[in-house]
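There are 4 protein chains.
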Amino acid sequence: MLMDAAAYRESLRAYSPRVFVNGRKVESVADEPLLAPGINGVGVTYDFAHHPEHQVLMTARQGTSGKTVNRMLHINETSADLLHKLEAVRLVCKVSGCAQRYLSHDALNGLFQATKRTDGEHGTDYHQRFLAYLHEVQNRDLTLGVAMTDAKGDRSLRPGQQANRDVYVHIKERRPDGIVIRGTKAIVTGAPYMHEFLVMPCRTHTREDADFAVCCAVPVDAPGVTIVARPAGRPGEAAAKFSAKYGQSTGVVIFDNVFVPHDKVFLAGETEEGGFLTTSYATHHRHSCIGARAGFGDLLIGAGALMIEANGLDPNRHGHIRDAMVDLITITESFYACGVASSVYCVKDPAGSVMPDAVFSNIGKLLLATKIYDMHKVAHYVSGGLIVALPGPDEDHNPDTQASLSEVLMGRQDIAVEQRLEVARLIEDLTVSHQGGWYSLISLHGGGSPEAMKREIWRNYPVMEKVELVETLLDRGVLDQGQRASKQPGRCCATGCDVPTPSKMS
Amino acid sequence: MLMDAAAYRESLRAYSPRVFVNGRKVESVADEPLLAPGINGVGVTYDFAHHPEHQVLMTARQGTSGKTVNRMLHINETSADLLHKLEAVRLVCKVSGCAQRYLSHDALNGLFQATKRTDGEHGTDYHQRFLAYLHEVQNRDLTLGVAMTDAKGDRSLRPGQQANRDVYVHIKERRPDGIVIRGTKAIVTGAPYMHEFLVMPCRTHTREDADFAVCCAVPVDAPGVTIVARPAGRPGEAAAKFSAKYGQSTGVVIFDNVFVPHDKVFLAGETEEGGFLTTSYATHHRHSCIGARAGFGDLLIGAGALMIEANGLDPNRHGHIRDAMVDLITITESFYACGVASSVYCVKDPAGSVMPDAVFSNIGKLLLATKIYDMHKVAHYVSGGLIVALPGPDEDHNPDTQASLSEVLMGRQDIAVEQRLEVARLIEDLTVSHQGGWYSLISLHGGGSPEAMKREIWRNYPVMEKVELVETLLDRGVLDQGQRASKQPGRCCATGCDVPTPSKMS
Amino acid sequence: MLMDAAAYRESLRAYSPRVFVNGRKVESVADEPLLAPGINGVGVTYDFAHHPEHQVLMTARQGTSGKTVNRMLHINETSADLLHKLEAVRLVCKVSGCAQRYLSHDALNGLFQATKRTDGEHGTDYHQRFLAYLHEVQNRDLTLGVAMTDAKGDRSLRPGQQANRDVYVHIKERRPDGIVIRGTKAIVTGAPYMHEFLVMPCRTHTREDADFAVCCAVPVDAPGVTIVARPAGRPGEAAAKFSAKYGQSTGVVIFDNVFVPHDKVFLAGETEEGGFLTTSYATHHRHSCIGARAGFGDLLIGAGALMIEANGLDPNRHGHIRDAMVDLITITESFYACGVASSVYCVKDPAGSVMPDAVFSNIGKLLLATKIYDMHKVAHYVSGGLIVALPGPDEDHNPDTQASLSEVLMGRQDIAVEQRLEVARLIEDLTVSHQGGWYSLISLHGGGSPEAMKREIWRNYPVMEKVELVETLLDRGVLDQGQRASKQPGRCCATGCDVPTPSKMS
Amino acid sequence: MLMDAAAYRESLRAYSPRVFVNGRKVESVADEPLLAPGINGVGVTYDFAHHPEHQVLMTARQGTSGKTVNRMLHINETSADLLHKLEAVRLVCKVSGCAQRYLSHDALNGLFQATKRTDGEHGTDYHQRFLAYLHEVQNRDLTLGVAMTDAKGDRSLRPGQQANRDVYVHIKERRPDGIVIRGTKAIVTGAPYMHEFLVMPCRTHTREDADFAVCCAVPVDAPGVTIVARPAGRPGEAAAKFSAKYGQSTGVVIFDNVFVPHDKVFLAGETEEGGFLTTSYATHHRHSCIGARAGFGDLLIGAGALMIEANGLDPNRHGHIRDAMVDLITITESFYACGVASSVYCVKDPAGSVMPDAVFSNIGKLLLATKIYDMHKVAHYVSGGLIVALPGPDEDHNPDTQASLSEVLMGRQDIAVEQRLEVARLIEDLTVSHQGGWYSLISLHGGGSPEAMKREIWRNYPVMEKVELVETLLDRGVLDQGQRASKQPGRCCATGCDVPTPSKMS
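Chains as they are written, first to last, in the numbering used here: chain A, 28 to 533; chain B, 28 to 533; chain C, 28 to 533; chain D, 28 to 533.
Because the hints were derived from the structure by calculation, they are not lab data.
Among these hints, one or two may not hold up.
[To be verified] Among the chain C residues that face chain A by a calculated CB cut under 8 angstroms, a handful are:
| id | residue |
| --- | --- |
| 1 | Lys121 |
| 2 | Ala332 |
| 3 | Ile390 |
| 4 | Leu393 |
[Claimed, not checked] Okay, the calculated bits of chain B under chain D, using three or more residues with CB under 8 angstroms as the criterion:
| id | region |
| --- | --- |
| 5 | 319-332 |
| 6 | 350-361 |
| 7 | 479-493 |
Glycine included, C-beta positions come from ideal geometry on N, C-alpha and C.
With the rest of the complex left out, here is chain A:
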């Protein structure tokens, strides 16, 4: 029952969400040109599940049901699962730029852990509800939007202190058959062309703010839901070599007293576990982001090499060009390596699934977040200045200029000028257009800002082990733990995980 891209697009017709793009109501999401690149991006995850070469990466067997599901909906049971997920995300993103659907995976895995933990603490039955929902999602091969980042209002105030409580989504009313939620999620990836939203809290809330600790599933067209979205990519722009085909919409999603029946509610006031869910989701998501941005790196490396060639340069003879390409490779593969290590040193969760190692996962995301700018720099560096004055595609068919431009904009004689212009426009599209700016920004802030990663790295790192090592070397008795309440005793790695057979690197 795995859909392909065409079936996915058709499946969207079953929904009638209230969507606005550029101030205009969208009549049919499946047919809206401004959203097509985003739908195409998600579509890659569907098509590749049917591609014989990619099946081992793109599908997996769900342990709780025994069924084969799309990798983007699978609960990881081994470190091999994590490594394959990482590779799968890189695979679909190097084709689509950003295939978006890995967020469904990240949220499902976070919920699998969090519902189990909540039941243990509170005697609730969230995990069973969730398993039923998980299997339904897998069987229908859905794509879920993650509605996590609240609008937040004044960042120096707690949710309950805000002048307008709707800047955070919260439980407005508890009814016998379910809950009513209200508020705004500010950044929802792919919002218009999801099947359902997973509403999740974006931090540990205090006891007073218990109503903000809510997690539930809501169809995109549930009454009371409004989506205000941006176009996906650069649809319809002739110069958009890549992002006219593939892109990503992001949307603000307003929940105006939306009713959610109990079987779709997975958290409703348990603040501690809400925080755990946020963190657990974030760890899975940052691990996925590593794969996604490595795929973007693959695109830049390939485009850079083609541009160098078209300019008539050779990295083997021009050291500064080779060094720049090595920089780009080093950036990409060193954060990717953190994703690999995070898979290898995964942690078994009491729920039965595995979680990527938090330290490596956060370090990888921190590196990609801050180095995406250097990736753009290198792409510009190796491409030369041509892009600055590159005439647009309208000029290609201007009889007054086309002939002379073609002659003088040629680089190497054996590479047609069209090819040179095409790759120059690709690099422009990826790194100079607003699509390029978007890649930077989403890399920096997506999945949490660098500050959040630093907090997690510090919180999870086994500093205490290193302290004891040094005390032993100094022939000291080790200090009493009580004196070091502020340091975690922790470990960040596990012994005895099943460890992965990689499929291939890129």
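Given the structure of chain A, go ahead and fit chains B, C and D onto it with the hints provided.
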């Protein structure tokens, strides 16, 4: 006879250049909306010359004529001139993003030196021709486009080896009354709305390529000139808070057998001096670029501070936000400091003018070229993720969404949501839109790529002095110079320049 | 037959090498105080093989003999072997700073591959000779010094062009029973307290220089061998909290017509395979270096945390201190992650062993080489300025000053001043003393300089795959390979390796 | 009455301070070999004042007395003074590594401003006392030690909260004829061979801690003063090519109830002005540090170039070597440029002197503090690995090894092996020995840690101007200042300073 911005715009009507933008012929440059932001940018340099507060910076007395001229057309005679020019460029660029006209200054100063030197070597009369031209340009208060970067073709081949010689501009024919030039300049800043072009060589050519060592002035509408340009900024886009007002067009300029009379020819085959002109121009230009990008830094610093405020954060309480702002300040002011030092340690040219110190000038440009990406990163960092999903301006007037969006997108209660959105869109415009990408790319490659700066730094640095210092400390006899043919004996600074009274920093 | 540290030290008495340290002849290496810290460092690898907690990491079963051997002498057969070796190196180096003996491992693994390949190309019997030698080394549990880096002379000339051929080790004479070698290896780790040297070429030599392509095993006290070594660590210095115990000697080793019997000769003129040996060794060695320097990172992290505590600061309240520690962690774990990924994506060698992935291995080494300086910076940053004026240990027992110094140099009241001084001196020892300088330098140049890593990264990276990806996205036919002779078609990863169960991270 | 180096050394005999070095009491500072390199370093500032070539930089006319004084004791009256001081510091430090005496200058200039301000606020007569003292110091041509950094104890507590108040120097008793001070200053540069100490507070103290806001002058041998110092440089070490000649001692100075007569007291409880003094001193000092470390850069650049030459490499042919040298130059000259700009944009103080611009001064110091590590890296990079195994000088005269080592350690044939070894040892001395470590640490923490600089940059930067710029561009009314209490309205630059004629750059 100093024009203001309105007069400048009107003056463009006297020209009828053959200009194409987006594949369409431009009927009237002065009225073309796609070029208006570029004309506005240049206009700032005209208007500010009349502004009492700015006159000391924006005007100067030309020594050779005794007349008061626009700073952007002045030949520097003292280090104070250089410092004031640097400050003037920062001033006009922090308002306009890039006021473009400083390129006129850079080229005129390079030519002042190069024509003198050429006459000395070859007994020509270029300097007199040039002085006459200079005074005319100053009297008419023109803006000159710098047509320097050739299309270059296969970068591994010399001009004369190219399959198509037209990838470099060259002398096609020498006539009794002048020369005929032909070829393509690939990146000409502000091409459509210049009064004239200064055609200049982009490197030292070999003897065989003497015809490529040509420098002359050509009106933008001289017969045979075609300009294929990109729109300036983001004209007409409602979300373009800044770049709908101010921008920059760049164009490819094709010279198809253009006749230039002798009195406008300033170099015609003198290859060595052509190289000197390239270097001299580059040194002046890199010095100006420092001021320009510092102005861009001012914009980012101001926008960042406003965004932080609108988000409800305070750098004095949030250390990571303050640190990020300090990074942005440190980047901006440390490359600006190189511009100041380059002014202070200027070098007297035999022609009677001064040249910025080449080492500091190149270091400043190298720093801004490679750190513009970090500037964008900091701007994104302090702004938070809002920009990713920020609804466009069309949404502002959508009755179905406007009210609820306004409520939930507010940050601090005492700052209207419109103000928050406005500054978020400004940052998006400056750093996420293609305008942002363009700032990066032009910073990296404009005025020569980083490789060119490194070469110049090495070539001009007084390494030999340091070597001698160390040899003295080691009580060694200093090695014979002959053994070190590959190292320059050079000095990079002068004693006894007149040194500047700064006006103010920013 | 695995020795422990005491047995290893005793075993050195069976050798009588000609060793000079500080201009003085060493009578007994085993008893020489100036070498003791180095012997202690190697000793850790022996002792830990007997430690129950460490045995799984520190020993392994050699496939060709079925015997249990020290991990530092084992030929890797699976990716798990590589991961365990990486972890083992980190383990012994975080205790000893640098345990040195992993070089034996790196050379043996390189030779295992290279002798097999040479036999295949030249019909020689090197692999059998080598296997016999390998088993003997394992049975006797020896430590081998790697004599690879030649003195090199004028770096702009090939070996055969040098005025003095002895700046490279080479075959002086070929005899019926063996060869005579001569020349100097400039940097041999732990030279005086090795059992034997493995002499290896340091690059691919040309055909004319075939005599320089020589590899053989030579006992440290073979006639004609002279070792001029530096003291190991800071023996006898009271302030040397760490490096009076553990250190590393490096030596120049002069081979003055040393005879080597055939059964200890593993390469004798096969220039291509000599280059392969160099590269293969380097890949293994760079992988090991990653583990070694991660262990150094562990020391710094622990020492930094103790110093912060003793100063009365808390990273959870002082953001800039926490950020600095996170930097240190990020540097350490991100290059370590490259070692993990290099293990996971290992490559099967035709000889039956596995080689770490070359791209990840080189990236990891490149990162540690260039970031060790930042590691020192962070350690200094979090420690504060105390170290600058810290009175030496002689002062601790000065009755005139000891009492008052103790009082005023105390930080937190609950931490004795001795403890604060001790950790301050440890940080001084690790990062300010010449031991600290040595760590930097050896990290930068050990195992090849950054330039060498960049070359290897570029040579091994599958750029062609990325180019094809982009061409497919551009709907282009993929260019003919012939046109891209300069790019490797390569892959850098393997499918289907057995992948490791990590033991634990640190 | 300007002394030369010999007279300075002799003048120390007039003092009999209680000094301990390495646990041993020093009988005669002037004759103590362990302190000689430090005395030599200071001596350079004396000798150069008599050197005709350097007199313009090394002397100046004191406005308040009309007398010619050593630049290191001069109160700056113009921006030219500041630039010349910067150049003078670079000059003496590139010869001596660190000439130390500029700290006298920095403290005198800070006190000139602070005493004037205190008198204005409190009606005291500190400024007159100070002027009398200043002229005496200048007339006697003294060198003053800056005793500012307190021992600090538990850094999370205020001085008055410390278990032991003596971790900060404070007024123990106020007597009719003077004050009695007590406590410990932890890091005093050159302590043993100063003439007097200027005791100064290291921060703004609270009202309760008014007794800690004390500033006064104390002869090094005042009763109750004990100095516990480290050796200066590496005295007596044969391998210490540089630091056996020139070095720096730092000392802990204990004030055990030291009486100070009123005419040497310049602050006694005025907490606000104590904070101003700290800041003012710090600004002058950071400006000086820029010159000092640029001089260190000169040494490294020269040594690097010599090493490259001796290795047989040529930066013009080996791009990666040239790039590394350009990095070193760029680092050095870009922080130096901040010193130049700080001079140019100096601020007139109400006391009549000038202060370097605080933003540029702090940025320059921040850059040098964090980039000194990269300077070491580059020095190692261009030198190659030889230093790791370089035999020590004892080996040079070992008849058993000397001949063969000389032959094989030669690089280029036309450069004697002694020369190669000498420069290798120089680089080792400067960057690998504990002297190198000391340079790093003192650069990072000397004059305040990076955190302090960031605070000052933020506090002094005219953020408000940039905010207003952006608000104007957005056509907004500018926000009321009241709403922005947390932001300074400030300016960081002045109009109309006299601006400097540089002498020469290096």
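Structure-based check of all given hints:
| no. | hint | in the structure |
| --- | --- | --- |
| 1 | Lys121 | 6 angstroms, holds |
| 2 | Ala332 | 5 angstroms, holds |
| 3 | Ile390 | 5 angstroms, holds |
| 4 | Leu393 | 6 angstroms, holds |
| 5 | 319-332 | holds (count 6) |
| 6 | 350-361 | holds (count 7) |
| 7 | 479-493 | holds (count 8) |
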